[in-house]
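**Student:** Using the sequences plus the hints, can you model the full thing?
There are 2 protein chains.
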Amino acid sequence: MTDMKTGTLYGVGLGPGDPDLMTLRAHRLITSARVIAYPALAGGESFARAIAADAIAPGTREIVMDIPMTTAREPAQTAYDKGARDIADVLATGQDVVCLCEGDPFFYGSFMYLFARLADHYSVKVVPGVTSITACAAAAGMPLAARNERVTVLPGPLPEGELRTRIEGAESVAIMKVGRHLGKIRTVIEGLGLLGHATYIERASLPQQVVCPLADAPENAPYFSMILLTKGADPWL
Amino acid sequence: MTDMKTGTLYGVGLGPGDPDLMTLRAHRLITSARVIAYPALAGGESFARAIAADAIAPGTREIVMDIPMTTAREPAQTAYDKGARDIADVLATGQDVVCLCEGDPFFYGSFMYLFARLADHYSVKVVPGVTSITACAAAAGMPLAARNERVTVLPGPLPEGELRTRIEGAESVAIMKVGRHLGKIRTVIEGLGLLGHATYIERASLPQQVVCPLADAPENAPYFSMILLTKGADPWL
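Chains as they are written, first to last, in this note's numbering: chain A, 98 to 334; chain B, 98 to 334.
Think of the hints as simulated: they come from the structure by calculation, not from any bench. Keep in mind the model is a prediction, meaning the values are calculated, not measured. Among these hints, one or two may not hold up.
Ranges of calculated distance between the beta carbons of each label pair, as one might list FRET restraints [what the hints assert, rightly or not]:
# : chain 1 : residue 1 : chain 2 : residue 2 : range
1 : B       : Gln174    : A       : Leu292    : 24 to 34 Å
2 : A       : His218    : B       : Ala312    : 46 to 56 Å
3 : B       : Gln174    : A       : Ala137    : 49 to 59 Å
4 : A       : His218    : B       : Gln305    : 24 to 34 Å
5 : A       : Met166    : B       : Leu334    : 16 to 26 Å
6 : B       : Lys102    : A       : Gln305    : 23 to 33 Å
With a Cα cut of at most 25 Å, we get these calculated BS3-like pairs of lysine-lysine [as the list claims (entries may be wrong)]:
#  : chain 1 : residue 1 : chain 2 : residue 2
7  : B       : Lys222    : B       : Lys179
8  : A       : Lys102    : A       : Lys179
9  : B       : Lys274    : A       : Lys328
10 : B       : Lys328    : A       : Lys222
11 : A       : Lys328    : B       : Lys222
Where is the CB? At the ideal position from N, CA and C, for every residue including glycine.
**Tutor:** Right, here's the structure in full:
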């Protein structure tokens with residue numbers, strides 16, 4: 098009797114949304130996958146699957162992780178526990194699983210929850226992807242940083258006071274997950290006299306992409322929106 | 098007589114070093130390019146060209162920008178002025194130029210200097226790439242951030258006092274351009290009692306990649322090295 102070799106779990110970053118911004122490795126792993134896994138929001142669509150759609154071969158087995166629409170800890174834990182079990186069942190048979198991740202798996206990605214549950218027991222490899230931050234910078238034509246400049250990444254849901262302190266002490270700032278926090282964030286940036294330095298970007302790299310000054314941003318921002326603020330990267334002219 | 102259409106300058110991110118981490122778009126733009134441009138350090142090698150090498154078609158014209166090895170402003174300005182002129186000469190004939198950029202063009206990339214010189218006069222498009230930060234996180238198996246966690250990116254050459262203040266107030270920290278600043282940075286992190294949370298990564302994604310606890314890092318770090326410090330991203334177990 099021989100030990101059966103277990104499979105490898107690949108956490109594959111898909112980039113910001115345009116399938117053309119997948120890496121060569123991500124594309125190859127997906128096209129050759131026998132089993133893929135991905136999160137979907139509460140029985141709804143999966144943005145990750147949509148990005149990868151054209152690369153998924155017919156007959157590929159799909160493990161869908163239903164993630165509840167809540168910021169509460171326990172329902173999400175339960176969902177990732179189940180997802181990890183489903184994936185582990187496949188890995189135990191010796192087959193690999195390719196987990197589809199929007200952006201980059203370790204940069205505000207839910208893959209870290211699977212990684213935490215499975216990396217001690219199985220081979221887990223992460224394929225980095227293009228993050229929404231540099232995709233937004235490219236879309237907006239805004240260099241983020243050069244030389245000894247600092248970059249701060251802040252999630253929009255942070256409390257107003259903390260956002261103010263963090264933005265005040267920063268150079269280039271990327272504010273992620275803007276969504277329904279847009280009004281609060283705009284108030285903070287305006288209060289700091291920085292409104293003229295801030296750009297709003299929605300669905301970077303997708304056909305519906307929006308780029309405009311923050312002053313002109315819509316009242317209702319989708320989850321996939323970002324604000325970039327550079328106090329003036331010096332282009333060494 | 099008709100107006101001749103000018104060409105487009107593409108600033109193409111190549112990712113952290115492994116050619117397999119190029120995006121599909123970057124790869125296609127390079128393989129079909131008639132003219133490419135890239136920086137080389139003072140007559141030496143070009144890391145950008147090395148990443149793209151296998152995708153460059155025979156007969157492609159190459160514009161090499163010799164960047165002086167100095168942090169002084171003027172010699173660098175002169176080099177980018179000349180590079181921008183050489184590129185503009187090609188764009189003016191109606192031909193596109195694909196500029197090869199390590200990592201991402203707008204994230205500590207020298208492309209911003211060309212962008213500043215040419216974007217007002219020519220069509221310039223930026224293709225974002227995988228940054229060294231998420232490549233290092235993938236190599237180290239270190240999730241960088243989830244939910245409402247903040248990420249701070251600091252260049253290693255910053256003064257010791259500023260590094261200390263910034264690291265102290267941060268959650269996840271990526272310190273770029275470590276190189277000869279390794280000793281100083283290690284002293285700061287050790288002084289803050291965070292040495293056990295810090296990982297050293299050298300040449301992420303390349304065959305010579307090194308990943309180790311910062312405590313065990315070599316005395317002499319190459320320019321392409323990074324320190325990742327997470328005060329404990331919470332994996333929601």
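**Student:** Hint by hint, note whether the structure agrees.
**Tutor:** Hints, verified against the model:
The supplied range of 24 to 34 Å is met by Gln174(B) and Leu292(A), whose beta-carbon atoms lie about 31 Å from each other. At roughly 27 Å, the beta carbons of His218(A) and Ala312(B) sit outside the given window of 46 to 56 Å. A hinted range of 49 to 59 Å holds for the C-beta pair Gln174(B) and Ala137(A), which are about 51 Å apart. For His218(A) and Gln305(B), the hinted distance range of 24 to 34 Å is satisfied, since their beta carbons lie about 29 Å from each other.
The hinted window of 16 to 26 Å between Met166(A) and Leu334(B) holds, with their beta carbons roughly 21 Å apart. Between Lys102(B) and Gln305(A) the beta carbon distance is about 28 Å. The supplied range of 23 to 33 Å therefore holds. For the suggested pair Lys222(B) and Lys179(B), the alpha carbons sit about 20 Å apart, so the restraint of at most 25 Å is met. A threshold of 25 Å between alpha carbons decides the hint, and for Lys102(A) with Lys179(A) the separation of about 23 Å falls inside it, so the pair holds.
Distance restraint check for Lys274(B) and Lys328(A): the Cα-Cα separation of roughly 22 Å lies within the 25 Å cut-off, and the hinted pair is therefore satisfied. Taken as a hint, the Lys328(B) and Lys222(A) pair is honoured in the structure, with Cα atoms around 22 Å apart against an allowance of 25 Å. The straight-line distance between the Cα atoms of Lys328(A) and Lys222(B) is roughly 22 Å, inside the 25 Å bound, and the hint therefore holds.
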